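*Asks:* Next come the chains, spelled out residue by residue.
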Amino acid sequence: MTDYIFGGRREGEVPRTHEGRNPRDVSHLASQRLGVPVAWWGIAMLVASEATLMFTFIGTYYYLRSKTPVWPPVGDPEPHVVVPLILAGVLATTSLPMQLASMAARAGRLVATRRLIVLALIVQCGYISYEMWDYQHELQTTTPSHDAYESIYYVLLGADHGHVWIGILLNVWLLAKLGRGLTMYRLNATIAVTWYWHFVNLLTLFVIGTLTSATLL
Amino acid sequence: MLALVPLTLLLASCGSAQDTLNPQGPQAKTIASEFWWMLGGCVFALAVITGLLVLAWVRRGSMGPGREPGERAGWIVIVVFGIGVMVVGLVVLFFVSDVHIMGQTEQPAAGSTKLTVRAIGHQWYWEFDYPGTKHAVTADEMHIPVRTPVLIEAQTTDVIHTVWVPQLNRKIDTIPGQNNEIELYADKVGRYRGQCNQYCGLQHAHMSFYVFADPPAKFEAWLRKQAQPAASPTGELARAGRNVFMTGACSACHTIRGTPAHGTVGPDLTHLASRTTLAGLTIPNRKGYLGGWILDSQHIKPGNQMPDINLDGPQLQALLAYLGGLK
Amino acid sequence: MATVELPARERVERLEQMWQGKPGILGWLTTTDHKKIGLLYFWTTLVFFAAGGAEALTMRTQLAHANNNVVGPATYDELFTMHGVTMIFFFIIPMTTGAFGNYLIPLLIGARDMAFPRMNALSYWIFLTSGLFLYIGFATGNGPNGAWFGFTPLTERAFSPTRAEDFYTLALIFNGISSSLGSANFIVTMFKLRAPGMSFNRMPTFCYAFLAASFGLLFALPVLTADCIYLYLDRIVGTHFFDPAHGGSVLLWQHLFWIFGHPEVYILIVPAFGIATSIIPAMTQRKLVAYPLVAIAELLVVFIGFGVWAHHMYTTGLPTIQVVFFGAATAMVVIPSSIQVFSWCMSMVTGRARFKTPLLFIAGFIWMFVNGGLTGIMFVSIPFDQQVHDTYFVIAHFHYIIFGAAVFPIFGGMYYWFPKVTGKLYLERPGQISFWLIFVGTNLLFFPMYIVGLLGMPRQIYTYPGNMGWTAYNLAETIGGFLTAFGILVCVGNLLVSYLRGLPSGPDPWLGPTLEWATSSPPPEYNFAVIPTVTSAYPNWDPEDREEDVRKLADGVMVLEEGHEQPVVTTADGNFSEVIEMPHSSPWPPTLGLCLGLVFTFLVLEKFFVAGIFGALCLLSLVGWHAKEPQEA
Numbered sequence: 000m001t002d003y004i005f006g007g008r009r010e011g012e013v014p015r016t017h018e019g020r021n022p023r024d025v026s027h028l029a030s031q032r033l034g035v036p037v038a039w040w041g042i043a044m045l046v047a048s049e050a051t052l053m054f055t056f057i058g059t060y061y062y063l064r065s066k067t068p069v070w071p072p073v074g075d076p077e078p079h080v081v082v083p084l085i086l087a088g089v090l091a092t093t094s095l096p097m098q099l100a101s102m103a104a105r106a107g108r109l110v111a112t113r114r115l116i117v118l119a120l121i122v123q124c125g126y127i128s129y130e131m132w133d134y135q136h137e138l139q140t141t142t143p144s145h146d147a148y149e150s151i152y153y154v155l156l157g158a159d160h161g162h163v164w165i166g167i168l169l170n171v172w173l174l175a176k177l178g179r180g181l182t183m184y185r186l187n188a189t190i191a192v193t194w195y196w197h198f199v200n201l202l203t204l205f206v207i208g209t210l211t212s213a214t215l216l
Numbered sequence: 000m001l002a003l004v005p006l007t008l009l010l011a012s013c014g015s016a017q018d019t020l021n022p023q024g025p026q027a028k029t030i031a032s033e034f035w036w037m038l039g040g041c042v043f044a045l046a047v048i049t050g051l052l053v054l055a056w057v058r059r060g061s062m063g064p065g066r067e068p069g070e071r072a073g074w075i076v077i078v079v080f081g082i083g084v085m086v087v088g089l090v091v092l093f094f095v096s097d098v099h100i101m102g103q104t105e106q107p108a109a110g111s112t113k114l115t116v117r118a119i120g121h122q123w124y125w126e127f128d129y130p131g132t133k134h135a136v137t138a139d140e141m142h143i144p145v146r147t148p149v150l151i152e153a154q155t156t157d158v159i160h161t162v163w164v165p166q167l168n169r170k171i172d173t174i175p176g177q178n179n180e181i182e183l184y185a186d187k188v189g190r191y192r193g194q195c196n197q198y199c200g201l202q203h204a205h206m207s208f209y210v211f212a213d214p215p216a217k218f219e220a221w222l223r224k225q226a227q228p229a230a231s232p233t234g235e236l237a238r239a240g241r242n243v244f245m246t247g248a249c250s251a252c253h254t255i256r257g258t259p260a261h262g263t264v265g266p267d268l269t270h271l272a273s274r275t276t277l278a279g280l281t282i283p284n285r286k287g288y289l290g291g292w293i294l295d296s297q298h299i300k301p302g303n304q305m306p307d308i309n310l311d312g313p314q315l316q317a318l319l320a321y322l323g324g325l326k
Numbered sequence: 000m001a002t003v004e005l006p007a008r009e010r011v012e013r014l015e016q017m018w019q020g021k022p023g024i025l026g027w028l029t030t031t032d033h034k035k036i037g038l039l040y041f042w043t044t045l046v047f048f049a050a051g052g053a054e055a056l057t058m059r060t061q062l063a064h065a066n067n068n069v070v071g072p073a074t075y076d077e078l079f080t081m082h083g084v085t086m087i088f089f090f091i092i093p094m095t096t097g098a099f100g101n102y103l104i105p106l107l108i109g110a111r112d113m114a115f116p117r118m119n120a121l122s123y124w125i126f127l128t129s130g131l132f133l134y135i136g137f138a139t140g141n142g143p144n145g146a147w148f149g150f151t152p153l154t155e156r157a158f159s160p161t162r163a164e165d166f167y168t169l170a171l172i173f174n175g176i177s178s179s180l181g182s183a184n185f186i187v188t189m190f191k192l193r194a195p196g197m198s199f200n201r202m203p204t205f206c207y208a209f210l211a212a213s214f215g216l217l218f219a220l221p222v223l224t225a226d227c228i229y230l231y232l233d234r235i236v237g238t239h240f241f242d243p244a245h246g247g248s249v250l251l252w253q254h255l256f257w258i259f260g261h262p263e264v265y266i267l268i269v270p271a272f273g274i275a276t277s278i279i280p281a282m283t284q285r286k287l288v289a290y291p292l293v294a295i296a297e298l299l300v301v302f303i304g305f306g307v308w309a310h311h312m313y314t315t316g317l318p319t320i321q322v323v324f325f326g327a328a329t330a331m332v333v334i335p336s337s338i339q340v341f342s343w344c345m346s347m348v349t350g351r352a353r354f355k356t357p358l359l360f361i362a363g364f365i366w367m368f369v370n371g372g373l374t375g376i377m378f379v380s381i382p383f384d385q386q387v388h389d390t391y392f393v394i395a396h397f398h399y400i401i402f403g404a405a406v407f408p409i410f411g412g413m414y415y416w417f418p419k420v421t422g423k424l425y426l427e428r429p430g431q432i433s434f435w436l437i438f439v440g441t442n443l444l445f446f447p448m449y450i451v452g453l454l455g456m457p458r459q460i461y462t463y464p465g466n467m468g469w470t471a472y473n474l475a476e477t478i479g480g481f482l483t484a485f486g487i488l489v490c491v492g493n494l495l496v497s498y499l500r501g502l503p504s505g506p507d508p509w510l511g512p513t514l515e516w517a518t519s520s521p522p523p524e525y526n527f528a529v530i531p532t533v534t535s536a537y538p539n540w541d542p543e544d545r546e547e548d549v550r551k552l553a554d555g556v557m558v559l560e561e562g563h564e565q566p567v568v569t570t571a572d573g574n575f576s577e578v579i580e581m582p583h584s585s586p587w588p589p590t591l592g593l594c595l596g597l598v599f600t601f602l603v604l605e606k607f608f609v610a611g612i613f614g615a616l617c618l619l620s621l622v623g624w625h626a627k628e629p630q631e632a
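Chains as they are written, first to last, in numbering that gives the first Met the number 0: chain D, 0 to 216; chain G, 0 to 326; chain W, 0 to 632.
Partial list, derived from the structure: chain D residues whose beta carbon lies under 10 Å from chain W:
1) PHE5
2) HIS145
3) ALA188
If you're looking for bench data, these hints aren't it; they were derived computationally from the structure. Being a predicted model, the structure only gives us computed values, none of them experimental. Cβ atoms here follow ideal geometry from the backbone N, Cα and C, with glycine treated the same way.
Kindly produce the complete structure, drawing on both the sequences and the hints.
*Replies:* Below, the structure is given as structure tokens:
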């Protein structure tokens, strides 16, 4: 029989990664594949698309700002600075447990993975609870239909909250999945969700930074 | 051969009222002559490509798959024509048009014009007023002095429209919340047709206007006249018509200066009878047409802001007599 | 693969069993087979093409002579808006990326399906639902009428009080989801699912074109989505994004729309470039001249396309410095296009061209594209652009580009791949007749538009006076329009008759260069019995590699018949990374598409609570979608 080598390897050397059904197999198979999984590229595409949308919102904010002499316009309340910035910073730290969870899953340590995700999830839920309360609260003083500043303020902040919500739902779903053991599919999902959270955390810093810049800069 | 077809077609059609290639002002002339140069270049380029396609057809046949004859020649053609010639051509085109010609067609420098006209777009008519005079306001027919640089301030009360008189200069949009400027300069006495060029709703098609370039003295007289309030009605019928206008629906939407009518929905009618057309050049300003317009404007220009006015015969005759007197 | 030995036959049978979809209607509903989805896209987009064409012919009838009264202004405005939106979002994009891309890309890269097969199905169902959504609006008297570019403030509630513009904004957002999912899928497929050994420098130029278009869509669509969200909120919630009286900006809409809109033009034509670069080597039997340059040019044209948007806004009174910048960018974008044009021409000149119908359409495409491209170069001149902006000159220009450069290759591609998809040969003579009808028809249709444009005829007017010198040209255009329509009918008729009566084509009637010709016609559900060996950009012209495939089948190497198995490679080098299990038939994509359609329907009706319920159902169907993991299949 001929020795077929293509793409640098023989068929027998290549892992059939979907066969990973327990932590040890998953870890072993993951170490044999080259480069990132398909799921990583999938989430990268989602992030590219979402980032463009959010970048458009942020761009709109500065575009409108460039057309307005006083910012925020006269009659609009100054945005809060300290609490949102601190909270965004706290949210950003959840990238660490998420990344560690990813690494633990890849090493086949299921319990550690779950605990790290729960830790991140608690912080993330705390963040969104406060922010939702604050959003509601702000809507009682002024609304998005007050002027263009308020329009973009609420849309930008609301869209960011939407991303945090999606991340939280993904984490809940992931925990439910991981509750039934580790498979290659779930490892890929953990990697993808982790990258999604890196994006959401960075995005939140940008969004909160943009919104608070009305007071700071 | 191919080049001749468009050229003949174009030459055959010169002289239309909105012809960009029959320019009557310095800006439009520069643009038109640049067009002819560009057309020459394009015809040449298209001829080259057509030639290559014909050559491919002449050389048609078949050969074994997967070979690469003439790869070197292909690269040379791509680099020389596809990159080299194109880059040179584009750089020349860019500097000639966007640096040199654009200097003339841009918003004129402050103080370089002799007269200012505000062109205000409405759905669907043009209001022209003359700042610096005492409320000279007209609609759909702008007058300017010949051989005089005139500043047009393009504005709108509703949506985006475009001021465009192709025989004089390029176009400019009217943007809500923004004042755009352009210069109009007519070399010759005459009537130039303009048209709204940005889709602005139902009656975008009927939003044309005339620019009359008059000798300076005639223009001055016209402007003085336009600045005055409306002529008082003379005669019984016209006075009755004035009554119809003021008590009926008309005065809610139209202004006639010097009377209680101050509506701003429709065009200013103070000197209606001095205009040659109605409704954005849709119909001529003659008694029969005007009567038809008043009774049934929705038929002539569907969707326009003026409702069909229900008048009996004597009322209409009176109204027409009054409006006909607004010289 | 003429003599299949016994163990090999068993392997193929096992593959067939493994990849078989459900029979009947249910099979079409739940399919994740990229070929079936491609065909669904094909037929659906043809229906939208017919609708958009009927709208165009109605308009042309109205404009056939001055002061005509076939339709009133209200209908006319809906017609040109629907025509633009339909042709761009519901015909060309789904036809090129949806139909051609779906059917061909996995075949061209030696894969068995797309990277995300169920998401691929979802793209189709969302596309279908969004199209129905838009046309339900049209049928219920809420056809968008603010032109395809929907400039504010005309589309704001103050000037468009009906729901028409809500259908417009929501349909564009909705359709954008479909295209975004599709383009993400194409990118990942081309990055990860190529046959092992197909490094980037061996990827067919067709794939480069679709890669460029997919990246274009991925980054352009969110901008349009943001713009449409603003307009929807302005109209429904009362925000002030486009209201200068409250700090908004009318030009914000235009900036965002054209940041999307100009890349969009390249997104429309670049896949067509890809079709051309597939047909030319096959019909000339010559490798494409300057392949690396063409591959780079295909990517560059979209990239630079993101930097030229404001050339649609020269007449809005932007500051001179900005305008000049965009003039220069507009000049730059010409170069990658001219590189490609000369490469195509020189390939045809230095090879030996067989002028069959597909190549005729490509030659016609080159001529039309150069014609429209040259008048595009005229817009480098800002003053000239400002003179003819929004006249029929521009209409002529972009129809030469969109019909000439995007639709001609679509027809060429239909003929070229017809034998692959059906296993039958099309009728050559009617094919050539259809080409000449369409070529003459479109030139008669669009060339006079240049002239009436120069004579000052604005676009989007429902009627015009008789004394402007426009009438004769308009009549000629109308005749050209009907001639084109007749040519298209001949083309479609030819393909239908050939489908029923055509002679068998065999796997490779053209001696094509790429992998789709290495498998049978029509391809089996698993595409390739053996994942093909690739050592060049023209794998089907490497006979040793194809012989190796046959030996591998006999030896049972790379048959991957244990499941829905698919090899995955490293992104750039095509090194063999892993074998994964692909999902197969799922009821969830159409379910999710339907739920999402109901979300948008209730958003247009402003029943936000109900919309929220269906939104929750969307999330639940996503959970169901992911309940079964590949290893459980």
